[in-house]
Amino acid sequence: MRRRNRKQELAISEAELVSMTHDLEDAHHESLPSMRDSLTEWSESDDDIRSGITRLVSTPSSRRAFLLGGGAVLGGVALVGSGMGSGLAAAATRSGRMGVPSATSAQKLSGDLAVVALAASLENLAVGTYQAGIDAATKGSLGEVPPAVVTFAMTAQSQHKDHAAAWNGVLTGAGKKAVTGVDLTVKKSVDKAFAKVADVPALATLALDLENAAAATYIAAIDVVKNPAGIKTAASIQPVELQHAAILNFVLGEYPVPDAFAKATGARTVKDKIG
Amino acid sequence: MALDDTRLSELLEQSHDLHTDAMTTTRVALDEYVELAHDEPLHDDSWRDVDPAMRRATLLGGLPKTGLLAAAGLGTAMAALLASPAFADKTMDVQMLQTAASIENLAVATYDTALTLDFIGGGSANGVVKAFVEKTKEQHQQHAEAFNAAATRLGGKAQDQPDPVLLGVVNNAKPSLTGPAEVVDLAIQLEDGAAQTYVANTGAYSNKNARSVAASIMGVEAQHVAILNAVKALLAGGAADLIALPPAAASLPAAAGSIGFPNAFYPTTDARPANEGALQ
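As they're listed, the protein sequences go chains H and D. 40 is the number of the first residue of the first sequence in the working numbering; add one for each residue after it. 189 is the number of the first residue of the second sequence in the working numbering; add one for each residue after it.
Note that these hints are calculated values from the structure, not bench results. Every value quoted in this text rests on a predicted model; they were computed, and no experiment measured them. Some hints could be false.
[What the hints assert, rightly or not] The calculated SDA-like cross-link candidates involving lysine to any residue, where the alpha carbons are at most 25 Å apart (straight line), are:
1) K318/D - F300/H
2) K302/H - K325/D
3) K302/H - L342/D
4) K345/D - Q329/D
5) K420/D - T304/H
6) K396/D - T304/H
7) K178/H - A436/D
8) K265/H - K318/D
9) K302/H - Q330/D
10) K420/D - K178/H
[Claimed, not checked] Computed from the model, here is a short list of chain H residues facing chain D with C-beta under 10 Å:
11) Q170
12) G179
13) A274
14) P295
15) A303
16) G305
17) V309
[To be verified] Sample of chain H residues with no beta-carbon within 10 Å of chain D, all distances over it, derived:
18) V189
19) T190
20) G214
21) K216
22) A237
23) A241
24) T244
25) L247
26) G314
Note that the Cβ used here is the ideal one computed from N, Cα and C, for glycine as well.
One chain only, chain D, in its complex shape (with noise of 0.2 Å):
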């Protein structure tokens, strides 16, 4: 048989660049698919609870032949598993992160607008409340940040800006913000609605450094909010002088020594929704 170099050559030249194509597209999906492993799903059997006989024709079958992915020649599996349920769990773990953080982004800029009122951060405030604010609002950027950094371990950006229904709460709330009783009210608001989501997120969440993040937060908002109650109780009762550190514990009513944790058990009826603060 004679041989042409010319297209031997040129022959050569498309299938490197084919292959070229297929790798990157496959290193990219093994890429995600280690991610997955390494974040180990808690639901770890749930792909097997899907009927065998349509893993199957997922697996075979109903699978773009074109694109990429088809091109790849591994695309067949790889498009299962981008398309399986530990994807999609993933996808929610996200949207809960990132949500999340929106709403620590506005805690932390609630009390940046509070710290501005004379009777929170100026000179007529309790020493107290000022620290406590201060204090607060350091550990709530620290909340967000611990977010965004377990979104983008999943894949996720990074979420800086604040829960936009929560944002709406604290605009509507804020010319009534004439006393320190009116800001407490609306930190308890904050406070309780971060850590009811978290709760119910902690029990949600499939990845589980994810979970974890979760879990170390959630207690932290709901201490903010036992202090909050008690400064609000005595506030209410006329009694701002004996928020003190420490305090006049004999001078305390006696219902103020269980006013900052009504609940024995969490709740999580205002969680807010998973995806209220997702990137889009």
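In isolation and in its complexed conformation, chain H is listed as follows (with noise of 0.2 Å):
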């Protein structure tokens, strides 16, 4: 990545850059009421949720569709380990211990219920993998590492907490146990992934793969999911998704918006092991 060395004097300081951004991130958090309202409504909504007995409605085309979306989407880079593992394990194990009750991994869910704990799954996985991310920049193992791009992850980390968040109450409410832990299947490819990032396009790189994974993965569910309100919660994540994946493809210098349509492509399923 090419860096310039000069430093641009900016027209405005970065405090009042730092006091929009607050004043956007306020306009964030009073949206946040009327998500839970609208969580709320799901997890009351449906006698079938809350007894998890939903059963998935598709078409037998858009199941197949989101059921065969699996398969290694994260590059299939086979590494030697390193050093970076570790990282990434111990951040999955600090975002299992975000103050939601624990879930046993056994929990058996099925329909709307199981596509909610594979969107929760992922998210998880997006708040640890950042994490280690923002560690490796704080030890200085990505050498150097640009404010802005800080920034970037523990805004987007922040975010996904958010929507892990939003999907661990709709299982509570519905009487089911919080996901803390990750998808597995995925962390698999990540790890790998992981142990090679040694600089900033590379964490980049592989933030993007999570990003669209979870992108693709949340059209997959719209397609499935049959409560509307699951489908409005779906449907208002996946944009922010696609958002942190703009920014990203700008960072790592390719076009921001490659593609006129989202597709599923890419998207994880509920045969994924969550851990």
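Dock chain to chain to rebuild the complex, using the hints, since each chain is given by itself in its own frame.
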């Protein structure tokens, strides 16, 4: 990645820009109560969801597309292990101590709730991966890390935490346990890729893969989830994952919005193992 | 009994005419019924939510006793079907799709106008901004085609006009488009309005194909917003030369890393009304 050495004098101060960002953060937090209302509506709306016995209702073709959307979406990079792997594993463990009740990995869910659990696990994985990146940056393992990249990682991580909390709210509202683990099927690929991360571009590429996988999974989920509130929740999250992806593309020097249509290609499936 | 051949022929001819009329009417109704079944509305059981007594009354009475449907003989059941919630949902879906197409039409036209401005599409333009505007315009054209295809699939007409309300916003803004920042501001309004509308619509469509189309587009509009937000911040900071691919990341202010995506959940408070761009 080319870097300019000269510092640019800005017409407005960093403090003014930070103030603008805080205004935007306030707007974000103001949107949370209406999101909570929507999630409460979902949790209370359907006896089937409460009993976790909702059946996936979808056309055979869309269901196949969702179920077959698995496979190694993250680069397929075979790696030699390195110290980075332990950082990611440690980060994944930390993400499990976020103050939500523990869930056993053996919790059996079906239908819409299985999709919810998958979504929560992917969000948890994103949280853990960004944390590992932040930790690596702090330790100096990634070389020079631009301040904007650190801000990006921290903000994206915070939003993924909110997403995970939203999905777990649905689970607990339905009498199920929150998912504190991660998508272990995807984590295998993430661990391999992270072990090779030695600079910001490599970390950004890994993050981009995760964001795109999450966005694709939400596209697939919208096609199969039966509950309207669930569709609304997924619809409110998918664009944000794609926004993260757009900025990562930009940072990597790639065209930020390469596709006119988002697709379910690379979507994770309910067959993924959640730990 | 003596058979009156002439009269019998007349009666046969009348019977044939009645039968032909009935078949034509029924065929139209059946085609719509098949289309409805293929579209598989989300709320399959919504008709069952109607009070059974009301449902019977609708099926057996309160229906036109004259007209083509009544003459069809099978019209009673078909008329009930045409009046069912499923068809009302279909009408709303078509309206939303036409409104979406109208928003896309406006976006295409607005970016077209922007490209005529020297600081966006001409010699003094930032190359990255110009390329972004050109590609974004193309993407919106594809979006319009997709929304219109979904609308016609549901029996509606394609919408080739811009959203009438947002058109007013754009026209009012045109005299003030004196620099890149003003154009970016206007683009953010349109893109964010589109994204919010499609996020809201995705949760509202009863037709699965319509929902899939909206879901595939909403995130792309959100991406446009993210990039435009970042560009806006850099322009406001007098750092237009940092709008580059790849960017000089080390020179970017810290806050630039998050300015593109202010919300964890995409809002819908400014979603356009479902029928705003619908064909009357």
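Against the structure, the hints come out as follows:
1. K318/D - F300/H: The hint holds at about 21 Å.
2. K302/H - K325/D: Measuring from Cα to Cα gives roughly 20 Å; hence the hint holds.
3. K302/H - L342/D: It holds: about 22 Å lies between the C-alpha atoms, which stays within 25 Å.
4. K345/D - Q329/D: holds (17 Å)
5. K420/D - T304/H: violated (32 Å)
6. K396/D - T304/H: holds (18 Å)
7. K178/H - A436/D: holds (23 Å)
8. K265/H - K318/D: At roughly 42 Å apart (the allowed maximum being 25 Å), K318/D and K265/H break the hint.
9. K302/H - Q330/D: holds (15 Å)
10. K420/D - K178/H: Judged against 25 Å, a Cα distance of about 33 Å means the pair is violated.
11. Q170: Since chain D brings no Cβ nearer than about 16 Å to Q170/H, farther than 10 Å, the hint is violated.
12. G179: violated (16 Å)
13. A274: holds (4 Å)
14. P295: Nearest chain D Cβ about 5 Å off; hint holds.
15. A303: Constraint on A303/H satisfied, holds at 9 Å.
16. G305: violated (14 Å)
17. V309: violated (19 Å)
18. V189: violated (7 Å)
19. T190: Answer for T190/H: violated, closest chain D Cβ roughly 3 Å.
20. G214: holds (23 Å)
21. K216: holds (23 Å)
22. A237: holds (17 Å)
23. A241: holds (14 Å)
24. T244: It holds; T244/H is separated from chain D by about 13 Å at its closest Cβ, greater than 10 Å.
25. L247: holds (13 Å)
26. G314: The claim stands: G314/H keeps its Cβ more than 10 Å from every Cβ of chain D (closest is about 25 Å).
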